[in-house]
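Participant: These protein sequences, in sequence, are chains G and Y.
Using the numbering used here, the first residue of the first sequence is number 9, and each one after it goes up by one.
Using the numbering used here, the first residue of the second sequence is number 245, and each one after it goes up by one.
Rather than coming from a laboratory, the hints here were simulated on the basis of the structure.
In silico negatives: residues of chain Y with every beta carbon more than 10 Å from chain G:
no. : residue
1   : GLN311
2   : ALA352
3   : LYS366
DSS-like cross-link-like pairs, simulated, lysine-lysine; straight-line CA separation at most 25 Å:
no. : chain 1 : residue 1 : chain 2 : residue 2
4   : Y       : LYS373    : Y       : LYS407
5   : G       : LYS50     : Y       : LYS279
6   : G       : LYS50     : Y       : LYS283
7   : Y       : LYS395    : Y       : LYS373
8   : Y       : LYS282    : G       : LYS50
9   : Y       : LYS283    : G       : LYS79
10  : G       : LYS64     : G       : LYS79
11  : Y       : LYS407    : Y       : LYS367
12  : G       : LYS64     : Y       : LYS282
13  : G       : LYS64     : Y       : LYS283
14  : G       : LYS50     : G       : LYS64
15  : G       : LYS64     : Y       : LYS279
16  : G       : LYS79     : Y       : LYS282
17  : G       : LYS53     : Y       : LYS283
18  : Y       : LYS367    : Y       : LYS356
19  : G       : LYS79     : Y       : LYS279
20  : Y       : LYS282    : G       : LYS53
21  : G       : LYS53     : Y       : LYS279
We put the CB at the ideal spot given by N, CA and C, even for glycine.
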Amino acid sequence: MNGPKIYFEIPIFGGIPITQTIVSSFVVMVLLCCAGFILGRKLQKRPTRVQVVVEKLVGMLYNMVEETMGKHNSYWTPYIGALFLSSACGSLIGMTGILRSATSDLSTTLTWALMTSVLVWACNIRTSGFFGWLKGFAEPVAVMLPMNIVSEIAQPISMAFRHFGNIMGGGVLMSMLYSALATASAALLGLIASLGGVVAAVVLLCLGVVWLVWVQLKHKPGILRKIPGILFCVLGALGLLQTLGVLSGVPFLEVGIPGVLSLYFDVFSAGVQALVFSLLTMVYVGNACPPPEEGKQS
Amino acid sequence: MSGFESIVGVNPWTALATFCNMIITFLILRHFLFKPVKKMIDDRQQEIDGMYADADRAKAEAKALEQDYRKHLDAAKSERDEILREAVVRAQAKEREILADANAQADAIREKARADIAQERKKAVNELKNDISGIAIDIAEKVTEKEISEKDHEALIEDFIRKMGDAS
Numbered sequence: 009m010n011g012p013k014i015y016f017e018i019p020i021f022g023g024i025p026i027t028q029t030i031v032s033s034f035v036v037m038v039l040l041c042c043a044g045f046i047l048g049r050k051l052q053k054r055p056t057r058v059q060v061v062v063e064k065l066v067g068m069l070y071n072m073v074e075e076t077m078g079k080h081n082s083y084w085t086p087y088i089g090a091l092f093l094s095s096a097c098g099s100l101i102g103m104t105g106i107l108r109s110a111t112s113d114l115s116t117t118l119t120w121a122l123m124t125s126v127l128v129w130a131c132n133i134r135t136s137g138f139f140g141w142l143k144g145f146a147e148p149v150a151v152m153l154p155m156n157i158v159s160e161i162a163q164p165i166s167m168a169f170r171h172f173g174n175i176m177g178g179g180v181l182m183s184m185l186y187s188a189l190a191t192a193s194a195a196l197l198g199l200i201a202s203l204g205g206v207v208a209a210v211v212l213l214c215l216g217v218v219w220l221v222w223v224q225l226k227h228k229p230g231i232l233r234k235i236p237g238i239l240f241c242v243l244g245a246l247g248l249l250q251t252l253g254v255l256s257g258v259p260f261l262e263v264g265i266p267g268v269l270s271l272y273f274d275v276f277s278a279g280v281q282a283l284v285f286s287l288l289t290m291v292y293v294g295n296a297c298p299p300p301e302e303g304k305q306s
Numbered sequence: 245m246s247g248f249e250s251i252v253g254v255n256p257w258t259a260l261a262t263f264c265n266m267i268i269t270f271l272i273l274r275h276f277l278f279k280p281v282k283k284m285i286d287d288r289q290q291e292i293d294g295m296y297a298d299a300d301r302a303k304a305e306a307k308a309l310e311q312d313y314r315k316h317l318d319a320a321k322s323e324r325d326e327i328l329r330e331a332v333v334r335a336q337a338k339e340r341e342i343l344a345d346a347n348a349q350a351d352a353i354r355e356k357a358r359a360d361i362a363q364e365r366k367k368a369v370n371e372l373k374n375d376i377s378g379i380a381i382d383i384a385e386k387v388t389e390k391e392i393s394e395k396d397h398e399a400l401i402e403d404f405i406r407k408m409g410d411a412s
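Turn these sequences into a full structure, and let the hints guide you.
Facilitator: Put into structure tokens, the structure is as follows:
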């Protein structure tokens, strides 16, 4: 398992490497900007179907930000939205198979995490002044100073590694699964072949058919009872095809089975990580930007 | 050249590119998507609120107008009742007046009739007196077959009538 591939280097400033991550990130940016431009165009008082959906989503995002950060922080929504969309699309773009997920590169997630930290610092400085911010590290007691500094440093690192690790790990697991399934399918076919070639395949096929017919006659038709029959039929047919030399070397187990896991590791994980990352950003920045009247009191 | 970066590593150039992409995405999405859509939502919300406020105002106005009309109607009704009552009272007074008048007239007519009757009676009695005295004289002449002096006649008749008058 490798990191992002370096396509080429631009020979200035001692060589700028153009990696898969840079390409993916650029593609995501272009896609998002185009989508945003097209969806935000031609807005009408009486919305079209597409506009209704867009308004619903944007409204949801604004609601979420206002619930998490307070009404006075509503203006943060565009940044949170851009972060969420970049993160989600940056993870999902790995599913195309052409591009690598931008978020399975630590550089990407760490940059975003540091941006969040810088925003938090900026908000703190804006609220309580530069020295007020520095003094904040020694609260509630001066002994806490090192702890506070460590937690301030740990915060972006933990955010970055959480996001990176989840997407990266999902990718690693998926590729391992694919190679495992390829091996398994080859082994299965080898097993059938070693059992006696055509004869074994035909026996399996017949067993399957008999099972299916028996189930159909004896019981009420239920999908669970049919599964062994279908399995035998499929194995027999595959064995037959293998011994006839049609299917040799095709990792047929890779059809279907990884889809379920991919749904979790790629789609679900991408959504959850994007949500977690933007929620954490919201919480940290929201804490740094208290409501105006509270800010004056403290 | 081509190769692979380490799996866990930070490339400053990648970080810089990511940073720039993020900023560009943020600015473009904010300018072209979030702000216009949010503005549209808010505008529509405002319009709806305005419409509701207008509707409420119109409703209140209608209610006030209705109350006004009802008050007017009530006033008109009471006025009508007053007029009716007055008219009835006047009519009753008039009725009484007319009745009294008629009674008085009837009384006068009756009185006059009574007087007439009395007079007629008197007249008839007198006539009857004269007739009776004539008849009596005739009868007496026939009975006595002799001339009786006028003086004696009269005395006789007077006596007769008195007796009759006393008898009647």
